[in-house]
Amino acid sequence: MRARASQEKSAATLTYEDVLRIVEIVKASQFSEFRLKVGEIEVHLRRKDGATAPAAPDAVASAAPPAPPAPDAQSEIPEGSQAVRAPMVGTFYRAPEPGARPFVEVGDEVDADTTVGIIEVMKLMNSIPAGVHGVVRAVLVENARYVEYGQPLVLIDPRP
Amino acid sequence: MSRSRAKPRFEFVDVSLRDAHQCLWATRMTTAMMTPILGAIDRVGYAVINILGGAVFDVCVRYLQENPYERVGLLCERLETPCDALTRGQSLYTFELFPDDVVALNAEVLARLGVSVFTVYDALNDNRNIESSVIAGRAAGMKINGWMTYTLSPVHTDAYYVERTRELAKLGCDILCIKDPTGLLTPERGATLFPAVVRAAGRIPVQLHSHCQSGLAPRVYEVAMKSGLTHGYTASEPLANGASLPATEDIAARARRLGFATSVNDELLKEIAGYFTCLAERESKPLGKVATYDRALYEHQIPGGMISNLRSQLTVMKLEHRLPEILEEAARVRHDLGYPIVVSPFAQYIVTQATINVVQGERYKTIPDEIRKYALGYYGRLAAEPAAEFLERACIKPSEMVKGRPGEHIDPWLPRLRKQLGPAATDEELLLAAFYEEKLLEPLKKPPPAYEYSTTPLHELIRYLGSRSDIEYARIRFAGTEMTVTA
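Chains E and Y are the protein sequences, given in the same order. Counting in the numbering used here, the first sequence tops out at residue 160, every number present. Counting in the numbering used here, the second sequence tops out at residue 1487, every number present.
Next comes chain Y alone, as it looks inside the complex (with noise of 0.2 Å):
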């Protein structure tokens, strides 16, 4: 009997623990949030796991007041399945530039600490930014998962990801990945793009990380499996949709209704969803809404959040009317600055100066600093030349321009925080006295809480009633179980 060919197979990328609650809870799900459920994620079959991202990383020192490293050492100890942590290359976990020691030094801790898939990008797609990033990761012995940004504009074609892909495959990455931060891929660009990508990349498997802001996502994930992708990034259900990636449950059904198999275990998805619905209510977290889809998103691609934020410092201004005219000169704008990604920092820039052309009256009056080092090459290469107009009144003269890669031009930070700190200090103290100043690193000093690694249903249960402070006493009864909870 002829053996039947192995059917292909479409594997998951876990973001559950990072990207999903950095769209949709602000970034501030903490470690004692995760570890009850960690080995029910660990035992799901996913290839691998995300724990680490730049607003992650930034969020656990300003707001929750945990040592990020330390996160990332317990989990990486927790979890067998390979754990990946996201850079943005040469800024790190900022939108600063950094100086290749210090992310030399991050990477080889972030090795040391059981980080086995290192991911790596640049904003503005230029890979120069992460080539310090990928020597530093490959000698440290971790996997290099090299991402491309995906946006619309008359210059972002096909063959300017084929590009970037012969590049991130010639920088030596393992991986590679088509991120699409706010959800702007769709089903028919797909079909031409993945093709293409997935032909340049030759042997090197090509991943797909996209949004659902447009509500296109899952059907883009169809594509990008037809078209030879082999892994996508999604999330648990309740942190899935809306603003979030697509949900790992949905996304299987449709790989196995394609003929993919695939690795996840459908009860362990069931059992993690509903730990997940349970820490939302305690927490009083939104869960992910299935989003519509939304035409106006292709054409100013200004990302939600930023329009709230604007429209209350414009309601403070007495301008709130005129929004529409921001955002119709916001679009000029990009196209004046070269078309860049509208995500941060970029996406500020955009906003802020379209906001001055329109209330100032006149166009690039005035011009932030930031957007005139930007111009300059300072973060790195255009993805186009910005329009005669803005470079006249900005008064960039060619000698100016930075060339080169940007990091080359920053001088090593190590050996200044080394006397400074001390020769006691660790790698991690190093590096966060480069990213921090000292009145935010104080909090973390103190100990951790004692972490749960475990859970049942019945005990998120006392844990719920716990929380609400206005309840007294609790009798609840179910089949044979019988709970009192008395405050």
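Bound conformation, chain E alone (with noise of 0.2 Å):
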């Protein structure tokens, strides 16, 4: 791109509010070739083939998480397991830290107050208590995936 510029000695000075109404005029303007000559103020502009004016100062993409995965609330919970279900939407993560060992494994023992996971939501850790006592017979969500409202986390054999 080039710029070329020239200012008379004696001619007023362009300022900002100058500048500001020119700005309104070249975003005002749709046509591919523009001439407009308003008192002092003359705009020639002509736009490249096939080019619109870019949209609006970008909108703030809406931050909404990707939709979750189809509830799986209504699959099968086998007979003699219980589950650990999600309180609240947000991502699981087996382990305390990235690289950590993970809270509990398939086959460990657990009491109800012993941690399964973490779910984040809004930049906040939740424990999730197994809430029984027994072993875990399998742990259905991968790490740090999103979860839904009550969807089963992790299979419990509960044991007196």
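These are computed hints drawn from the structure, not numbers from a lab. It is possible that some hints are incorrect.
Below 27 Å or equal to it, Euclidean Cα-Cα: the simulated BS3-like pairs (lysine-lysine) are [stated by the list, open to error]:
#, chain 1, residue 1, chain 2, residue 2
1, E, Lys27, Y, Lys1373
2, Y, Lys1403, Y, Lys1373
3, E, Lys48, Y, Lys1285
4, Y, Lys1289, E, Lys27
Here are the in silico distance ranges between beta carbons for each label pair [stated by the list, open to error]:
#, chain 1, residue 1, chain 2, residue 2, range
5, E, Thr13, Y, Asn1265, 17 to 27 Å
6, Y, Gly1422, E, Glu17, 54 to 64 Å
7, Y, Gly1039, E, Glu142, 28 to 38 Å
8, Y, Thr1484, E, Asp49, 16 to 26 Å
9, E, Pro98, Y, Thr1484, 48 to 58 Å
10, Y, Lys1445, E, Glu142, 31 to 41 Å
11, Y, Arg1295, E, Ala95, 17 to 27 Å
Every value quoted in this text rests on a predicted model; they were computed, and no experiment measured them. Beta carbons are placed, not taken as given, at the ideal position from N, Cα and C, and that holds for glycine.
Two chains, two frames, a set of hints: combine them into the complex.
Following this line, the structure appears as structure tokens:
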């Protein structure tokens, strides 16, 4: 892009108000060729072939998270097992931090207050307790997956 | 002839380079957008220019890929007006707590880069959380500006703020400031609060930093002047109002009308406003709009950005219709949690807990870990005792309560970081490594662009036309000026 500008010494200097008036004219014009002379301002614009004026200020894209996978609430819970369900929507984490050992693995014995995972919602971490004494039969959700309210996360076979 | 008594003065702290674009442009003003107009800002006659805060630091690293310490160094070098940097006390630029050695090194580095006013606050108003910053900042030779955060609750009375004022005075702050992050102050409350704080502050000057969401801030600033506050935080007009702070132009005019002398130069303010308006056009950024009075703000106090975020999450959950119920519950949760101030991160705590309570249909069945830690006093002292119902459901035992200053419970980090980074690491590198993982810091090593340190309206017009990818030819004649731009 090339720009050439000259200013006669005697002439009034362009002010920011003038620039903003010109900007308004440029923004308002939708034509491929445009000439305007009003008072002391003269504007001549040519648009590229087929180009349309860029969209108005980028409306902040809504930060809605992607749609969650279909709820799994109806999926069969095997007889003799109890599901630990997501108490809220959010992101399920199996371990306290990336690379760390998962809270529980299949076959682990858990107590009611043993943490089986974390659900992150709005950057807050919620520990999810097993809720029952027993043995982990299955972990149904992969690490860092978005989970739905009520979705089964872990299956536990209760022990007396 | 007897000399007439000198007019009282009201002076200004500029937030155009910090809080203004934090509120209106999601903190996305780059250093290159600031440098062309720095000279004019420097000559306006501001008492102080605020250049750094938590969000600016974080956005520099995460989104703009700029080294925030380099920005601080560059701005301090170009500006003769004293520069102010703001940290969240023991949490510095984030919401975690850092050990005292990291807090102290950060203060030393800022002072060395040229920062002369060091502003500190704690989101719980627990001034034990700013002790280590005050000590380190003073040792590094900076003036200390202690903030107290305003909120509305039955416990945040004038007496509560007088108590905080005394604590800040006792810590040895050189300047005090009342910070109203969501624009909740009213002229009526200012009329009792300001004189009480000014009296308790004694000889220490008191400043006002208030936002415009409720539309009342300019009148609150007038009350501040009349009550003996000495400085107001303001922004250049296109970056003022809305969620931002009041316009310097507006508050200066009000000050003069009330008989105060100010040091700001109107011609330069006009030039700066023109530059920022053109910049907003070129970058497709919004300008601040004057807000009309909004009563809802006073009921739940939840910031607008957070409500729109919550609404989109609720839409995904097909629970959008329960938003009013959740906002009502939010007010109850805030009471139960001992009236935390509705700013990050506590605003998230309140909204999340309220959502969980409503969705589960049972209050406090699930309590996020951070909220439990907050209630234990891990982040600092609570403004009021949490409700019994909450404490019982959170299973908090008195023996678990955190005693003493939160920073005391964190071991030093610098020895480990020095070992990791080796002896050649600079203080800035050590600090950045304390705050961020390595892969976020890699892009910061790229050389900065060549900055422009002056500009003219004509120059900005050329840059605007150049930014329009749809235009292949433009010829503009204005009075004696003629310019042609070709793609």
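Status of each hint after checking the structure:
In summary, the hint linking lysine 27 of chain E to lysine 1373 of chain Y is not supported, as the alpha carbons are separated by about 53 Å, beyond the 27 Å threshold. A C-alpha spacing of about 13 Å is found between lysine 1403 of chain Y and lysine 1373 of chain Y, which places the hinted pair at or below 27 Å, so the restraint holds. Restraint check for lysine 48 of chain E and lysine 1285 of chain Y: the C-alpha separation of about 24 Å stays at or below 27 Å, so the hint holds. About 20 Å separates the Cα atoms of lysine 1289 of chain Y and lysine 27 of chain E, which keeps this hinted pair within 27 Å; it holds.
Restraint check, threonine 13 of chain E to asparagine 1265 of chain Y: a C-beta distance of roughly 19 Å satisfies the suggested window 17 to 27 Å. For the pair glycine 1422 of chain Y and glutamate 17 of chain E, the beta carbons lie near 55 Å from each other, so the given range of 54 to 64 Å is met. For glycine 1039 of chain Y paired with glutamate 142 of chain E, a C-beta distance near 55 Å fails the hint of 28 to 38 Å. For threonine 1484 of chain Y paired with aspartate 49 of chain E, a C-beta distance near 20 Å keeps the hint of 16 to 26 Å intact.
For proline 98 of chain E and threonine 1484 of chain Y, the hinted distance range of 48 to 58 Å is satisfied, since their beta carbons lie about 56 Å from each other. Checking the proposed 31 to 41 Å range against lysine 1445 of chain Y and glutamate 142 of chain E shows it holds: the Cβ atoms sit about 35 Å from each other. For the pair arginine 1295 of chain Y and alanine 95 of chain E, the beta carbons lie near 46 Å from each other, so the given range of 17 to 27 Å is not met.
Hints 1, 7 and 11 from the list above are not met by this structure, while the remaining hints are.
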